[in-house]
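Chemist: Chains as they are written, first to last, in this note's numbering: chain S, 1 to 406; chain Y, 1001 to 1406.
Please keep in mind that the hints were generated in silico from the structure rather than gathered at the bench.
Please note: incorrect hints may appear among the correct ones.
To be verified - Derived DSSO-like pairs: lysine-lysine, alpha-carbon spacing no greater than 27 Å straight-line:
1. Lys223/S x Lys102/S
2. Lys1289/Y x Lys1033/Y
3. Lys289/S x Lys1083/Y
4. Lys289/S x Lys1102/Y
5. Lys83/S x Lys1283/Y
6. Lys1316/Y x Lys1130/Y
7. Lys83/S x Lys130/S
8. Lys308/S x Lys231/S
9. Lys1361/Y x Lys237/S
10. Lys289/S x Lys1033/Y
11. Lys237/S x Lys308/S
12. Lys83/S x Lys1237/Y
13. Lys283/S x Lys1254/Y
14. Lys103/S x Lys4/S
15. Lys129/S x Lys329/S
16. Lys361/S x Lys103/S
17. Lys361/S x Lys4/S
18. Lys254/S x Lys33/S
19. Lys283/S x Lys1083/Y
20. Lys254/S x Lys1289/Y
21. Lys1308/Y x Lys67/S
22. Lys223/S x Lys1102/Y
23. Lys1033/Y x Lys83/S
24. Lys329/S x Lys102/S
25. Lys308/S x Lys1067/Y
26. Lys1289/Y x Lys1276/Y
27. Lys3/S x Lys316/S
28. Lys85/S x Lys1083/Y
29. Lys1102/Y x Lys1033/Y
30. Lys254/S x Lys1004/Y
31. Lys1231/Y x Lys254/S
32. Lys237/S x Lys316/S
33. Lys130/S x Lys289/S
34. Lys1231/Y x Lys1254/Y
35. Lys289/S x Lys1067/Y
36. Lys231/S x Lys254/S
37. Lys283/S x Lys316/S
38. Lys1308/Y x Lys308/S
39. Lys1231/Y x Lys283/S
40. Lys223/S x Lys289/S
There are 2 protein chains.
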Amino acid sequence: MSKKNCLVAQSGGPTVAINASLAGVIEAAMYAKEIDTVYGGKNGIQGILEDSLVALNPLFQDASQIKALVNTPSMYLGSCRYKLKDEETSPEDYDRIEEIFKKYNIGYFFYIGGNDSMDTVDKLSRFAKKRNLDVKVVGIPKTIDNDLNCIDHTPGFGSAAKYIATSVLEMAHDTYIYHIDTVLIVEVMGRNAGWLTASAALARNSYSEAPHLIYLPEVAFHKERFVEDVKNLLATKHHVIVAVSEGIKDEDGKYISSQGGVVDKFGHTMLSGTGKVLENLVKAEIGCKVRSVELNVLQRAASHIASKTDLDESFKLGNNGVSLALEGKTGVMSTLQRLSNSPYTVEYGAAAIGEIANYEKTIPREWINREGNDVTDLMMDYLRPLVRGENQITYQDGIPSYLFLQ
Amino acid sequence: MSKKNCLVAQSGGPTVAINASLAGVIEAAMYAKEIDTVYGGKNGIQGILEDSLVALNPLFQDASQIKALVNTPSMYLGSCRYKLKDEETSPEDYDRIEEIFKKYNIGYFFYIGGNDSMDTVDKLSRFAKKRNLDVKVVGIPKTIDNDLNCIDHTPGFGSAAKYIATSVLEMAHDTYIYHIDTVLIVEVMGRNAGWLTASAALARNSYSEAPHLIYLPEVAFHKERFVEDVKNLLATKHHVIVAVSEGIKDEDGKYISSQGGVVDKFGHTMLSGTGKVLENLVKAEIGCKVRSVELNVLQRAASHIASKTDLDESFKLGNNGVSLALEGKTGVMSTLQRLSNSPYTVEYGAAAIGEIANYEKTIPREWINREGNDVTDLMMDYLRPLVRGENQITYQDGIPSYLFLQ
């Protein structure tokens, strides 16, 4: 069997763990006797179409570089939001990809990403079969949103959850110091799935019940009920901390964030964030001290507080993706299933890509309480193992030292 | 000499290091043979007026508890925003304090806080002298804003600086992945002093120049010049990351944040943040992808990424405060001066409280570049030592484990 080269690329939005999966692919591919050169495609499928490939072997001879890559946030190879069209309607992209695959003697293609990226894996694996190209196409999952099908939880989610819960706990300490009625609203990412917001519940401990209320996109949001919830809590305590998904919607499915529309001096309507809408609601209806905090991009970028469990699993999902390709599998996603919670164990496997692409997994209703303002123990059992363990990152003069592809 | 008790309290806004100073006071006071019981006053001077004191000795017999306190964010004893009036106009507060001091046989009073708290120290030390009370009153500094006089830098600042620089670096990684023109605006705390915003410059390293622009309250802000600055950078690069103080003002001294006033559906004008104003400016004048992030309270609460240098110094400033009181000093603040940058060394001392209270230290003009959109090497030399070192905090099931006074 003649040796082939492999190509790996990243796509979609960043997470803290997507480079750990890349490191897992690079390490496994460099040690595989079936694979010669490991190419990285810059800026996803878009860069590949532009012949923007870089040989990674020389950069990762040293194991310390693999480790540095594991700990680096965002996407070492860059990203794109390019969605491949169908081959029937626009064959030119596919012709170009075939050309690139042949030019670099690619036998294995690994694409690390979320829903949209798995759609690309689906299309490319079908195209390779149809054109009789000897290229195995394997997807490696990632998304902080945890909304992928056929996998217990997604790489990047555990680290984001750890950042969110830690931040909520630290902001709770910040809030508790004054004996005056205070509401803190923490807006968490998630348009359609509330997993990230639910993870704020991990902030609870023996002395702090924050977040006291949790609102998710899976349950219709009622402004009046929210005001009631806050008022009820303020009757017995000074501090109410609320975790809310950016994507909560009312009964008609209309985003709450779209209902705080404000008009600037030029008459343009601007959307304010969901947290800001709730802040204004509390201000108007209750009148106590209130603040809203949008966690923003830091929840997907804060490598300095990544979950070791998350990074380890992400690395192994990369490893496993290479094994799947070497076994001859194509059109699959590297996946993991949970075997037990205590002790926490998982097993790695493969899932047919057709069942994953373009499907969003949301929270089961029984993992949310009846009132729709908190999560249940089923959710807590699910979340707890995912944030465990701390990764030692390298600091230079007190600031994290990460890897960067020049 | 008969033994006296001591009283320590905290006041003003939280920082990551204020509990380290408290730990320094408790440790030194517990070991001092001149001091019997160490009382903590809950919620600052306000709690003391309400006789809300707790004996701390039993809680801190174990050295591990002292260490846990060092690593705990915000204020273990709670806070207040109560400003003591002059004794002449409202003697009742002073009568009450004298009563409390006598009831608990207080010989030493330590107040940890910023500008306003040092005003309280000033008033109480003068009052104790005037009424012939044998109580030494010593201030222990803290403020993330770094705006106190008579001290090289303030406890809490270094940790906030480390959080800000780390976050800017991690958000830079998040921004660099797409090859499209993108502006990221990071709003940092600081109404009148730009120290925190300046510290974002510590994010710069061999591969990343972010933040590319820095705007501080010390220099008048011109919207047109800001747009020009961004445009000039976008001519040669895809990504422009801006650090801006919440407190930037125009030439007339008017806050920029007050100029983004938007009107809600009920016709109320709402102030948007400074970052949001600049975001809308870039959107309107340049039209590229733009996002603003407000670091918000996390910059003063993120103990998980505290600067070890900061916590060590804060602890020693607490220790030193006790030494000063035992030496018979009163009406002073525990302080530190920098002896050299390399190796970085400081010495601890005392400063007369009158020179500190109600004075805000801003950035010297020569530490800001001529254009007013960056800092100079003088600032970098000043900042670098302050963020060095990482503190090992304790995690329980992946989430930080802090101390809390029930």
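Chemist: For this structure, which hints from the list above don't hold up?
Modeler: Of the numbered hints, 1, 2, 4, 6, 8, 9, 10, 11, 16, 17, 18, 22, 23, 28, 30, 31, 32, 33, 35, 37, 39 do not hold.
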